[in-house]
Each structure stands twice: as structure tokens, then as C-alpha cells.
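Protein chains in written order, with my numbering: chain A, 1 to 354; chain B, 1 to 354; chain C, 1 to 354; chain D, 1 to 354.
Do not take every clue at face value.
Identical copies look the same in the list; a pair holds intra-copy or inter-copy alike.
Unchecked claim - Here are the simulated lysine to any residue pairs, SDA-like style, with alpha carbons at most 20 Å apart:
| id | residue 1 | residue 2 |
| --- | --- | --- |
| 1 | Lys113 | Ala261 |
| 2 | Lys143 | Gly193 |
| 3 | Lys197 | His254 |
| 4 | Lys143 | Ala99 |
| 5 | Lys113 | Gly86 |
| 6 | Lys143 | Leu354 |
| 7 | Lys113 | Thr252 |
Simulated from the structure, these hints should not be mistaken for lab results.
Owing to the predicted nature of the structure, the values given are computational and were not obtained by experimental measurement.
There are 4 protein chains.
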Amino acid sequence: MSGNTLGNLFAVTNFGESHGPAIGCVIDGCPPGLALDAQDIQPDLDRRRPGTSQFVTQRNEADRVEILSGVYEGQTTGAPICLLIGNTDQRSHDYSDVAQTFRPGHADYTYWKKYGVRDPRGGGRASARLSAPTVAAGAVAKKWLLQQCGTTFRACLRQLGEIAIAFEDWAHVAGNPFFAPVADVSALQDYLGALRKRGDSCGARLHVQARGVPVGLGDPLYDRLDADIAKAMMGLNAVKGVEIGDGFASATHHGSTHGDALLPGGRFETNHDGGVLGGISTGQDLCVNVAVKPTSSILVPRQSVDVHDAPVQVLTRGRHDPCVGIRAAPILEALLALVVMEHALRQRALRGHL
Amino acid sequence: MSGNTLGNLFAVTNFGESHGPAIGCVIDGCPPGLALDAQDIQPDLDRRRPGTSQFVTQRNEADRVEILSGVYEGQTTGAPICLLIGNTDQRSHDYSDVAQTFRPGHADYTYWKKYGVRDPRGGGRASARLSAPTVAAGAVAKKWLLQQCGTTFRACLRQLGEIAIAFEDWAHVAGNPFFAPVADVSALQDYLGALRKRGDSCGARLHVQARGVPVGLGDPLYDRLDADIAKAMMGLNAVKGVEIGDGFASATHHGSTHGDALLPGGRFETNHDGGVLGGISTGQDLCVNVAVKPTSSILVPRQSVDVHDAPVQVLTRGRHDPCVGIRAAPILEALLALVVMEHALRQRALRGHL
Amino acid sequence: MSGNTLGNLFAVTNFGESHGPAIGCVIDGCPPGLALDAQDIQPDLDRRRPGTSQFVTQRNEADRVEILSGVYEGQTTGAPICLLIGNTDQRSHDYSDVAQTFRPGHADYTYWKKYGVRDPRGGGRASARLSAPTVAAGAVAKKWLLQQCGTTFRACLRQLGEIAIAFEDWAHVAGNPFFAPVADVSALQDYLGALRKRGDSCGARLHVQARGVPVGLGDPLYDRLDADIAKAMMGLNAVKGVEIGDGFASATHHGSTHGDALLPGGRFETNHDGGVLGGISTGQDLCVNVAVKPTSSILVPRQSVDVHDAPVQVLTRGRHDPCVGIRAAPILEALLALVVMEHALRQRALRGHL
Amino acid sequence: MSGNTLGNLFAVTNFGESHGPAIGCVIDGCPPGLALDAQDIQPDLDRRRPGTSQFVTQRNEADRVEILSGVYEGQTTGAPICLLIGNTDQRSHDYSDVAQTFRPGHADYTYWKKYGVRDPRGGGRASARLSAPTVAAGAVAKKWLLQQCGTTFRACLRQLGEIAIAFEDWAHVAGNPFFAPVADVSALQDYLGALRKRGDSCGARLHVQARGVPVGLGDPLYDRLDADIAKAMMGLNAVKGVEIGDGFASATHHGSTHGDALLPGGRFETNHDGGVLGGISTGQDLCVNVAVKPTSSILVPRQSVDVHDAPVQVLTRGRHDPCVGIRAAPILEALLALVVMEHALRQRALRGHL
């Protein structure tokens, strides 16, 4: 419980730093008998990895995952699965300058105050790179859930800075580097291109959902399914808001129209509640929205202090995403899958079946 | 970890049902030597308790808390503190009808599907009444945090259905039954009165904050302070959205203005990030917004099904809050206090001091 | 995880002090649908309760258990089960003397040093009385395991001070106040009578076993079934040693005779390993031995110090068991049942069935 | 909590199989600012590693540990520390035969029944080799405890099969391959030599202790220090018994002599209770005895069954320790250190200091 483990029954322990020799995770509690090799995991890592378009950081990481344990003759054994991802493009340069100052909006200051020591290389432990092992673990959860329950996960971009993105079709998401559900992304390209030229960054809003979720997942009072989803999502770098179903719009709703009418056959007329009632899954689509703040590492000079509490101007050179939300879609899917997986195993413990 | 415990080092285990003999909680991990008696807890329970105005449920519960253990000669001993609150106004009537149908928007259906059995009396375990033990535990955390760190907590209503509530002054909050930070609440009274007459309900949005939070609380990667706040808040009945700092507005921001500039002396120019950077407290005010959906138990008839999957019309008689958000302020304070308390103890474990 | 919870999926949180208003526990994670009322629990409490013979403390406690939550219409709902046991015979006398000195062999000194404050009334939290809620929770686990798996639990006394007790028949155990598996207990009566007259106490050794345990329970590497049994047993007051199967005798064995030969049909020729291999149940009887040290509260004066570190002579008046091992049999059964229950639920999570 | 993590605040998650590419662990919760490099860990690994004498398995593993994360510029950062140990001498041969049968006394049968799938290469996950990462993690705990509290750990062999080993001097332990506290080990050499010639194995008994333990560690009711020690020790391969202090001998003792008299200055006249009272450390030496059963992998043919439940004779070729107890001393030290470390951090959380 020292902070780097997500889940209890499907427990993912994350380790590594942005510019250390490797990053990775250990999955403890994966049910035995699941067919698994690196090719089940690699596609999601590839969707998240940097350097794939001009709109994301140019750091060039292959992000090849290696399964170190827990799999024998192509199937999981029930033993812990250690997934290792080498860091190959950690440019060795002088971090002594970076180490002395705190970037506004970044974790520099709080890591320094919390731990009394800080690994400044590429953001160290606070780097968004550490979401890669989460994505890898999520791929394992996704495969099991698909096989056992038919559950699927998908995410898309719905807002990029000032630009709201209409929802046209899920089919478009894989066709552009923005994970946008629209056919024409030229407006997004222009917007982000201009932003980069100014050395600035922007925030984003994403939608993530799960289909085919078993009914009955979630453990009120406190470990409600929506509560654990909120924790997983808010725990991702730069996330500042989480909604389930209608989210903040619910504040303005009336009970006479908000509550989703039940129909025979386990169906509902609407899904204002986003697939959760009383903290337990209804079997409808789990619908989650997430707000991401702008990247803190920008070329625009900002006011700050150094480790001696003296005022300084900070300007972050190096390779950074102008909007971290762009690559967040596969991460959000993974986080949602990890939460659903955890609660699926819990429900098996409680009832003996899903 | 079976769902009814919040926190690990300051672990609050909640028990009871709305219409059982009693509700309560056990706090395990409260530091010894804290002066504590029931009068430290009762005021927050009184702020939350029903029956105090015409705008909340008329159920008449004194909500007197009794300390069963963990306190000797007026101070905590380090042993578990069991807090018991009797249920005195659980009207015994016939629940056979309620037990056969599922209210839209309520947890009836999901409890039934999850557990295969359901206590229908007054919502059973899913009742908002179960937030009382959380409030009681939160009062203990608040007292310790105030004494050790000078931390304080407060919350207010910012939206009631369609009505946005301006922020005038914290001083107004205690002066009206809505926890609204405004001098004149006549518009809220009129709105809610009309709503009740129609047998309808509405949602709400609240703001909760902590001042004087020690810098350095939170355990990334996963147990970030904001992540645990999101979990605690989203775990409360009817909550559908959580924001830290600027929340969803951050999606539209630019890095050149969003990141809070650092000033000497541990100060910041702004607080867009709501007191958390990289999942760790900055020492600024912790600022959280919460969206609450409309009460599901309404007098307006709704379409649903019964336990035999046959279509029925459901209409909920009985005593219900037209807006559960009204009484949520002390609960949100308690939840925030419990999360800060947990992380304060964690930080002491890690560093040996706060 | 603050120390007063045993188990994760079937999590028992214990609270109360020997001379407070009540003791009890909260069981979180009990599967729904189990028929349960107080009469399922009371018999085991009665077997453990004091005052039933001249060989145990004369404190007169009815130990009536009350179910406060988690049961509706005679069956468990999946919600936390709070079990409350009132303290009725907590004689109010002056503890100021006791509070100033530390009894040798007792927890007085360590509680004082650990917490900086101590509830001295009847041993406070360190009293053996706190095993009553454990026994109550164990009764719930026993009932579920009997119904679901046909598992049964039993324990008996095998050594009382210098007297080794032969094993004659399980049938004798219920027929004498010593839980001894022998027909004639006159030697034990004489021994203990003489000991009491001298104001002294003695240790004991007990055997506890489970039959009909499902094969496959236990989670190596660390949460092995035998490891969790050892923790539960060593966690009971006064226990100083735990053995599984042949225990310490194994140290002198040879591999050519120790390893239990396997026979068709899931049977084994012998059971030197006590029903556990590699930390996982074999399906054979789980066999555990436990050593209990002599009661520390005795009438014989002993050398000690007071809270000011000054030498004092200590002599404990009041009502105490001359051998706490005598009443330990139902407690050991309960502890073993709680561990088996926890791992049965874990195995259901991992495999979907037992 | 899926079984492969020991500790909560200093949480060690173990991964790997005997013949996979690597074994290792992740330590989450190590306080920042501890000077650490591989040379702090390697000596304990070298003490445990195989192939160092004719009395242990001839498998030749360098057991070089690599620190993958959590250390920057020679000191811990508070981030998870991943320790990796390559498997270099995993002879690739045909395991199809081994995979079909169950060795008596070994975990083959129970892994098969529990997981439905088994990695048979060199014992897979059940191999004693998996204690290496535990030893590595223990070395980190030892270093921190030595620096912060002056705590030290040591262990020795006290029984080898039928041979009881007198205690002469701790100084001898490092001077012979048996970790025996005696000057002359010729009797042990002769005994073990003869045993190996017969293809047989034997059990052992060891003593492990900690000096300079802070007073006040341990969390009753359930997470007592002795309880957690018992769990850690019984969780090691082949361990069948654990004693604290006088252990099983306590069963025959009287209260008038057993209870350790207190002397001024935090001293005690004796240490029958082995440094723990009421589950909390007294500040005296923590004294633990452990019984190890004979190695199950022997050249003597044994009766068993195969995966089709047909009777077979099993005889284990390959490289095995005739007594796993010989190399257990550094492992027991590590386990004891991990438990003390965990409780030291817990006590800091509770009280703010040690």
C-alpha cells in the first residue's frame, strides 16, 4: 500500500523512472490458464508510445515489452507477471540546471518537498512515461475480460484546448493521431501546430467506455466501482476532473428525468448514470469523462523559484507533448480495464461466479 | 479490503443499515493521546442530520454518537474506536412492495443483481444515512489535523438544480439550511419549495476545501492525494463528478497561463491546480468540486421492472430529501479530512515527520 | 491494516476493551445468502466464556452476542456484520495502583512504551477477553465452510504444564472443562487445583485441526496457507510457538521417510506435512500445534518497575485463569476457520470456483 | 494482496521462476535518502547463493543483483526499488517427465490442483531459489535499521537431522558452510556426506535474532510483531515450526518463573518471552527458532501418482541441497529484518517517531 500498487486481487505494482535503465510492472493475481505473450500487449503500447507523429514528443522509444515471469508455454501460471520495458532513448545530458529549479505546474516542487531528494532526469518518477507499464498491465486485463465476459474498452478525444470535438464515429479514432472520433482532423492539426510554434501547450477532455461489463461489480460502501474508477483516472498525470455518466451536468438535472428507466431484459431506456448505480455496475456501458490539464513543460518562460527559494525564470527545453491528452486514450482504457478486472475477481470471491 | 473500509493507516470500517438497530464505524489507527469525547463529534453529525429544516427529509433522528472503545479517561489509547449511532425513527411498515420493484436511478436493481438478496428497509445499506458514521470518523480526523497541523475544512453549495450560486462569503454558510455562501437564500427556498410540491428532485454542485494542509502528502504513482480524494468523493451516494482545482475548465487552458507560478516562501501566484502537483500536496488550499445527481426517490411515477422482470410503474412514497446535495457539505468535509489524515500518517511513516 | 483486522476478503475488525461498555467485531466480506442468527454463534462463545468451571477465571460474563447489521430476514446480505458483546461484569474498582506498575510477562510495559497511554482496567485491550469477538467471527466462517465445503474444526489440550495428555478420543473433549481428549481428567484437576492454591499458573500445548479442507488453498510466495495460520495462531495472547504437521520434529527427519507418499484418489499414505505442501492445502487434515505460556497475572510476588522506573514488587489480585490454554480450544478453532475462509474466498477469486 | 507481497509500508513484491530469465522483487515504501548500491545487497546474496560448498546444490548462479529503479546518485528516492537477479545456470533439459508426476513432500501436487497449470522447470515458482529476492530486500531493510536504530540481525544452525548443535560462539558462524556456531564441524560434514551418498536428505533447526530493536513495535490485536514474524518464517519453503523466545518449552513453564522480571533502565532479568510482550517489542533481543523439514527432492525412490492419478515411483535426479536448512540462515535474517522494518515504519506513522 505504499502507493505504487493499483488493485488488490489483480495487483499491479509499477516501478522505474523516465531515464533509468528500464520501467515496468509486476501483476500479481492474474488468473492462471490465460494464453499470453508479448504480442498481446505490444499493440496497446504502440498506440501510446511517443514519436509516432509530429504532435507528440519526439523521444524515440520502441517500448518493447518483455515478459520476465508468470507465463509458461504460452499461458499464465498464476504466478506474478513481471513486464519489463527498456528505456533506450534517455539522452544523457546535464540535469544539474533542471535539478535546481521547479517548473510551474510540474511535480518538481512537491517531489522535492515530500522526499527531500529528486531524480530530475526527464521528470524521473513523475514522467508520463510511467503510464506505459499501466498500459501493458491493462492489456492483460483486457484480454482476460474479453475472453471471460466479452468486455471491450475504447476511448477518444472530445476536446482539445478551446476546440470541442463532435462525436461522429468510433471508426475514425484509429485513423488519426489524435484519437478523435471525426473524419476531418485538419482543424486539430492547425490548432496544435500553431500552439507548438508558440512553445505553448493545451489541455484536453477525453471519453472512455467499457461495453459488456458484467452486472454486479463494485463494493459499496467505499470501494464502489465508480469510486475506484475515479481514483484510477485522477491518479493519471495531469488529470484534474472525472465524470461518470452525465457527470457535472447531473447537478442541473431533475429526478423525474435523470433516473434511467428500467426495461425488461436488463435493459435501460437511457444511461444518464453511466453504467453505475449505488456504486455497482448495471451492465450498461461504463461511461467516463476525464479532463487533462495543459502540459507543464513549455518553451514559454515562467516565474518560479529555485531550491534556495530564490526567484528564477524557468523555460523547459527538450522533447515534450504539446498536449498529453492526445496519447491518453489507450491509458484511460487500460485504467478502466484494471478497475473492472479487479472488481470482476472480487465478485467471483463474493459469489463464486460472475 | 472488502469494500467497507476507507483508509489503511487511519482505517474507517463502516457498518449498519438505514433501518437496522444501529449504524456506526470502527476507526483503526487513530494516534494515541488525542483528547476525545462525543462532544467533539456531535456538532458535525448535527450539521448532517435529517429533520432540521423543511428542505430535507423529515425523518427524525437524534444521531447521538456513543464511543464504545478506544478512549480512556478522555483520550485515545491507540486502540480501535468504535462509534455507534442508534436508529430511532425507523418506521416499521410493510416493505414487501418496495422489495419487489426497482426504483430508477436507485441502487435497488444493482444490489439485487450483485448480492442476490436485498434489505429494502429505507434503502438498507444504500441509504444516504450511512454517511453519518463517515462524518463521525471525519470529526476525529479533523480534530487531530487541527491540533497537529492547523488544517481546517469547509464546504458550501455552489449550484442547486438550474440555479448557480455565487460565492459571497464563507460566513453565510452556517446561516442557512442550504450551506450556501450567500446572504439571501430566498431564491433557493422558492425553487426547492416548488420542486417538492411537484414531487420532484434536483442535483447540486458543491465546493469543499482544506486549508493549512502540510506540503508533501500523497503517494504517486497510484495513491496520489488527488486520486484518493477522487475516490472518497465519488464513493459518496449520488456523486457523479469530481474536480480538483480548475477541473474540467483545465481542458481548455494553455500551459502558459495554467501552471501556478511559484513565489519565494512556499507561496504560489495562483491555484489552478487546487493544491496538488504530481499527486502531492503543495501546501496551498486543497480545492475540490463535486457534482451530485438528483435524488432517485421521488413522487413522480417512473417506468421500471419488478423482480420477475415485468414492467411496472414506480413511485416512491416516504420521507426523502428533494436534493441530497444540501446535506452533503459536512460529509464532503469529512471525506476530505479522512483522506488528508491517511496521507499525513503515511508521510510520517515515510519521513518520520510531517 | 492498522493491526486490528484479520483477513482481507473475509475481514474481521476487532474492537473493545476488557472493561469498556462492550467488545465486538465487524465482519466485512461475508458472502450473502448465508442463514445466520445469534444462535449460530452463541455455542462457540459459550465454550470459551469464563466462569464455567473452578479452573478458569470467575468473572461472570454471559457473553451474549447481538447481530447489529448485515443480516436481513435471517440471512446475510453481503453487508458488514457487526457483532456486539456487552461487558456486564466489569467490576469497578481502583486501577490507579495497577496503572503505575508493569506486571512481568504481561503487556503492561510494552503498551505503555508503544502508545504512551494505557487502559489498565482488566488488561484493557491486551486482555484475553478480546478473543471473544474472534470466536464469534469464527463461528460465521465455520458455518459457511461447513455448508459450502463440508469443512469441520476441532481442538483439544495435549499438555498442561508438566503433564503430557495422551490422545484417547475426540469424543472426550466436550465432556470435561479442559478440552482434554481423555476420559479421566482427575490428574489435571489435581494439578491445576494445587497450582491455584499456590497462586501460580502454567503453560499448555494444544492441537487444532480442520477436516474436509478444499485442496488448493493458499497463496505462495508469502501468503501461504501455513504462513497465515502461523500468523493467526501466534497472534493470540500467550502463544509462543506454532507447528504445522510434524513441526519441530521434522528437523530430525529424513526425506526418505518424511515426504507423504501420494496414493490415487487424492489420498496420502501419511500426513507428516499437516495438510500443506508448498503453502497450499493438500485436502488432508490441516494439523496445527500451539504452545501457550503461563498466565502472567499471578498471586506470587514478582520483581518489576513502576512508571517512574523505580523497582517494585508486583502481585496480581483479581480473577484470572491459572492456565489460559484451557479455554483456548474454541479460539484456535475460530482462528483456523478464519484463515481457511479467507483463502477459500481468494481461491474463488482466482479460479472462479473451489 | 495476491500473495506475493510481504509488508504494507515496506512492501516487497517477489517475482520470477527458478528457470525463467530472471527473478527479483520490487520494494515499495523504502524511505528516501538511504545511501544504497548493489554492494550493500550482494554480500547477503553471496551468503545464500548455491554452489559454494559440496554440501549444497551445485547449481552455479552468480546471483548478481542489479538495481533497476528507485536509486539516484547513490541514494534512494522514495520510488519503488526494483532488484533484478538473472538466472544464468538454468540447464535446459526435458521436463516432460517431471511435469507428469508429483514428488512426495514437494509442492508439485498442490500447485497442479490450485492453478490447473504448472511450471515444472526446477520447481518453478516453488523453488527455494525464490528466497534470493527476499534476501536482497532484507539487505536494504537491514541497512536502514542499522543506520536509524542500530539494529543488527544474525542466525545460526542449531540442529542438523539427528545432530543437536551446541552454541559456542557467534564468531564461528561465518567460518563454516553450515552457519554453525561451533569451532569443529567435522561431525556435521561426516553426517551430511553419508546422507548425500545414500541420496537422502535431512531437516534442521535454526535460531535467528535481532539486537537493538526499538521498543514499541507491533500492532495488536492481530498484527502483533510475533504474529508477523511467525507468518514470515512459516512462509519460507520447508519451514514447519516457529517459536518465539522459549517457544514450546513455555507450555511446561510456571508463571512464577517464566515472566521476565523488569529492571530499571528498560532492562529485564531474563528473556523467556524472546523480546515480545503482548505482541509488542520490549527492546530485548528478538529470539526466534525455526524448524525446517528435509528436502523433498531426493534420489531415494518414493511412491506417488502421476497427473492421470496412476501410481508411479518417483526419484528426483538433478542438483539439490541435502538440507535446505544450511543456507537458510541469511534468509531468516532477511525475513526478520523485513518484519522489523515494516513495524518500525508503522510505529513512525502512529507516533511520529521511533
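Against the structure, the hints:
Proximity of Lys113 and Ala261 under a CA criterion of 20 Å is satisfied inter-copy only: 16 Å between copies versus 50 Å inside one chain copy. When the C-alpha separation of Lys143 and Gly193 is checked against a cutoff of 20 Å, the pair qualifies neither within a copy, at 36 Å, nor between copies, at 52 Å. In this assembly of identical chains, the alpha carbons of Lys197 and His254 lie at most 20 Å apart only when taken from different copies (13 Å versus 46 Å within one copy). For the homomeric pair Lys143 and Ala99, neither the shortest alpha-carbon distance inside one copy (41 Å) nor that between copies (27 Å) is at most 20 Å.
Neither within a single protomer nor between protomers do Lys113 and Gly86 lie at most 20 Å apart by alpha-carbon distance, with minima of 29 Å and 36 Å respectively. In this homomeric assembly, Lys143 and Leu354 come within 20 Å of each other (Cα to Cα) only inside a single copy, at 16 Å, whereas the closest approach across copies is 23 Å. Taking the shortest alpha-carbon separations for Lys113 and Thr252, neither the intra-copy value of 40 Å nor the inter-copy value of 29 Å comes in at or below 20 Å.
Checked against the numbered hints given earlier, this structure breaks hints 2, 4, 5, 7; the rest are met.
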